[in-house]
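*Asks:* The residues making up each chain are set out below.
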Amino acid sequence: MVSKDQKIWRVVAHIVMILLSALALLPFLLLVIASFTDDATALVNGYSYLPEKWSLGAYEYILENKGTFFKAYGMTIVVTFVGTVVNVVLTALTGYVLSKRKLPGVKVMNIFVIFTMLFNGGLVATYINYVTVFHIKDTIFALLVPNLLMNAFMITLVRNYFEHSIPEEIYESARIDGANEFLIFIKLVLPLSVPILATVGLMGGIAYWNDWQNSLYYIDDKAMYTIQAVLNSINEGVAALASMAGSNVSLAELPTTTIRMAVAVVGILPILVIYPFFQKYFAKGLMAGSVKG
Amino acid sequence: MDVKKKKKTSWKHWIPFYIMFIPGFVYLIVNNYMPLYGLQLAFKQFSYQKGISGSGWIGFKNFKFLFASSDAFIMIRNTLLYNIFWILLGVVLGVAVAILFNEILNKTAKKFYQTAILLPYLMSMVVVAYLVYAYLASDTGLINNAIIKGLFGREKGIDWYMEKNYWPFILTFVNQWKSIGFGMLLYLSSLVGIDKSYYEAAMLDGATKWQQIRMITIPLLKPTIIMLVILNMGQIFRSDFGLFYQVPMHQGALLKATQTIDTFVFTALLKTNNLGMSAAASFLQSVVGFIFIMGANAIVRKMDKNSSLF
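In order, the protein sequences belong to chains P and U. Counting from 1, one number per residue, gives the positions in the first sequence under the numbering used here. Counting from 1, one number per residue, gives the positions in the second sequence under the numbering used here.
Looking at chain U on its own, in the form it has when it is part of the complex:
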């Protein structure tokens, strides 16, 4: 019967749906598909007068310049290392916080904690830069004044925005501060799904809470953890532009610790007018990023079809 019905549906019936799809279609063409044409700029000597198609081909020259500079190594190293470290740290903290959060029964307390911990995630990076500045400003920052000079009695504070060695820690802290609530939320949804009878049985056998976590919770969370790690690995060639651009206040002295592919592409494109190198780096990010995402997704698909992106 169903088949008959399907056959009867004439193509005219579907026209309204195609019309409804047009606005979204047009937007994706403009915002996502048309820019793909501009990827060729990586192999061209671009000039605004000549436009994309009019500019001349120069082969791999942009890439040669890019890799001849010291920038290429630093920005790729920073992007990869920060990502790898933060993915692992995010798992440990996210799982730990989710497990603890799940122990709490009081609904009001739970709601308050979650609201508070999630708040940083909703702030723009510009605002986060202001919050960090309130603590780290060399002349008026709280840490230099109240702690280093006040508590420890030193005469001089630390010039945080000039000393690059502190920044891997500062950026890591800010990143986790902003995202830990989100991480908790991710693992919480799988935690809540765990069958309570496992724990009841374990308690009858006299298992301690720690044993329950090690023997029941962590093994059952494992698929979620692996899935999220792999999916995050797919994004390993991208970085949070706002975090690396806003929070260090664009200080040149920090670049060795704060330059990532995204900040380089932006600076070369709009500040130093080095469109060739910028286009080369941007191209590299798109293509390598695509390979990583497809790879990650293929792995996830093999493990669990429902968790893959498509």
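Just chain P, with the same shape it has in the complex:
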């Protein structure tokens, strides 16, 4: 029995959701279309959903200058891969240990982790620490280590999962069979926690792929640029595009209006492709950041 009132609400809900979905997606559509627009057309008419003239020029430019862009892309892939793997391992280990409620001192260890959610030294102190103590400027560590390698929210998520979803008896029976704790962790705990680790990995992967702040703070060397750093430097001045071409191309000759959009498209492509299939995990991971410890 569906009342008329209910029907109206349902229709309104659909209309609002369609509008919101359009609002969310249309900017991306404009970005993609802009990147396929003829540069001269874009200069005269501006970015448009229905450009007068289409062109592959921007992408041809990127392919011709593969050195610069491929390198940045490769950098992003390497950093994302290594960072994500280390992130998952660190988070799983730490969360697992904290889930052992009988472990002597585990309360202090928990506070040690949770305190990092409440208080931090801020940008200046963190920057000076990494630059003067660890000298990470213009090294690969600058892209991997600061802030992204592990965070307390994900540790809490994993800890809660281990506490509530894996019964203690499983460990007991393994121990009776004589397996040591490291083996138990690798052979038993990790396989059982694949869903939660997938969430941790996806969130970590996105964070690394999207990161531009570590590059902004710690990287001056253009050879170390990730794709996000390239995007950022184009934002700071299109002159960056010319210097990236490395040749004697003058800025005026470059189809900068559309290239910048093409670089952005290339930068978000993996997320656009992967995201719809893993939407469930993303939703779970995002929620984790909001729940208590």
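Hints are computed from structural coordinates only; laboratory data are not their basis. It is possible that some hints are incorrect.
What the hints assert, rightly or not - Each pair of labels, with its calculated beta carbon distance range:
1. U:ILE58 with P:VAL194: 49 to 57 Å
2. P:LEU23 with U:SER189: 17 to 25 Å
3. P:ASP220 with U:GLN45: 19 to 27 Å
4. P:GLU236 with U:PHE152: 51 to 59 Å
5. P:PHE115 with U:ILE104: 49 to 57 Å
6. U:PHE112 with P:PHE134: 56 to 64 Å
Stated by the list, open to error - Below, a sample of chain U positions facing chain P; criterion: calculated Cβ distance under 7 Å:
7. LEU28
8. ASN273
9. ASN274
Idealized CB from N, CA, C, for every residue including glycine.
On the provided structure of chain P, position chain U as indicated by the hints.
*Replies:* For chain U alone, kept in the frame of chain P given last:
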């Protein structure tokens, strides 16, 4: 029996767990605890040659300089006002969208909507800046060309990146555009938990949908709403650096509307080389932020122990 077992567990049994904790421990020391030592820079005249401990103390001079400049007032005002307004707006929009979303039964449609609305949340702020630029660029932007010149027939477009008065609205729009899917998700999880029999009883009494929302849904969501507002209030001294730094394209003309504590700290530290003022502002943010978070958490703890951060 349990007690006996516990007593039998020797300390040797626990050693592997302490070893497993070491990597995470080391990382938190390096990334989170060592920087705390650098907080003293707010009271020092820092030089890179002398390092943190070698630099001389200068008392509150950095803070004096900071508050003597007009920056301090603007960045604190902006940080607080944007946060307060966005927290309230986020609640209204998040709850409204979640309620509407929950009305829809078709699973495929639901999945599509959620996927679409959540997509902006996964983009880096650099990319968001590109999306905004496609609309707002003064020469090639879609709004100036297609709407202001095309639709309204004006001869000149608006110089969006030079006019600071528009930016409170632009930043608000971008912020909500990016976060509304996440907000919806937050409230949806409590919405789904509401017992269906309340609604069935209300319908038997002839209550309209609007009455059901007002009398059942909103009151039952209230604890979640209050909790989230207070927890967000704890973050009120922090701002989304990417949003305020990337989206306005670092335009100086917009600073009065776009400067927050985070953008000031960054600019003073790495662009204008004003480490003293930067350290003072950064220190202030850490300490005041800590007080806000502890305060918020204490309130939440009193209301509902399970919802507090610790």
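*Asks:* Now tell me if each hint is right for this structure.
*Replies:* Structure-based check of all given hints:
no.	hint	result
1	U:ILE58 with P:VAL194: 49 to 57 Å	holds, 54 Å
2	P:LEU23 with U:SER189: 17 to 25 Å	holds, 23 Å
3	P:ASP220 with U:GLN45: 19 to 27 Å	holds, 25 Å
4	P:GLU236 with U:PHE152: 51 to 59 Å	violated, 32 Å
5	P:PHE115 with U:ILE104: 49 to 57 Å	violated, 42 Å
6	U:PHE112 with P:PHE134: 56 to 64 Å	violated, 46 Å
7	LEU28	holds, 6 Å
8	ASN273	violated, 12 Å
9	ASN274	violated, 11 Å
Hints 4, 5, 6, 8, 9 from the earlier list are contradicted by this structure; the remaining hints agree with it.
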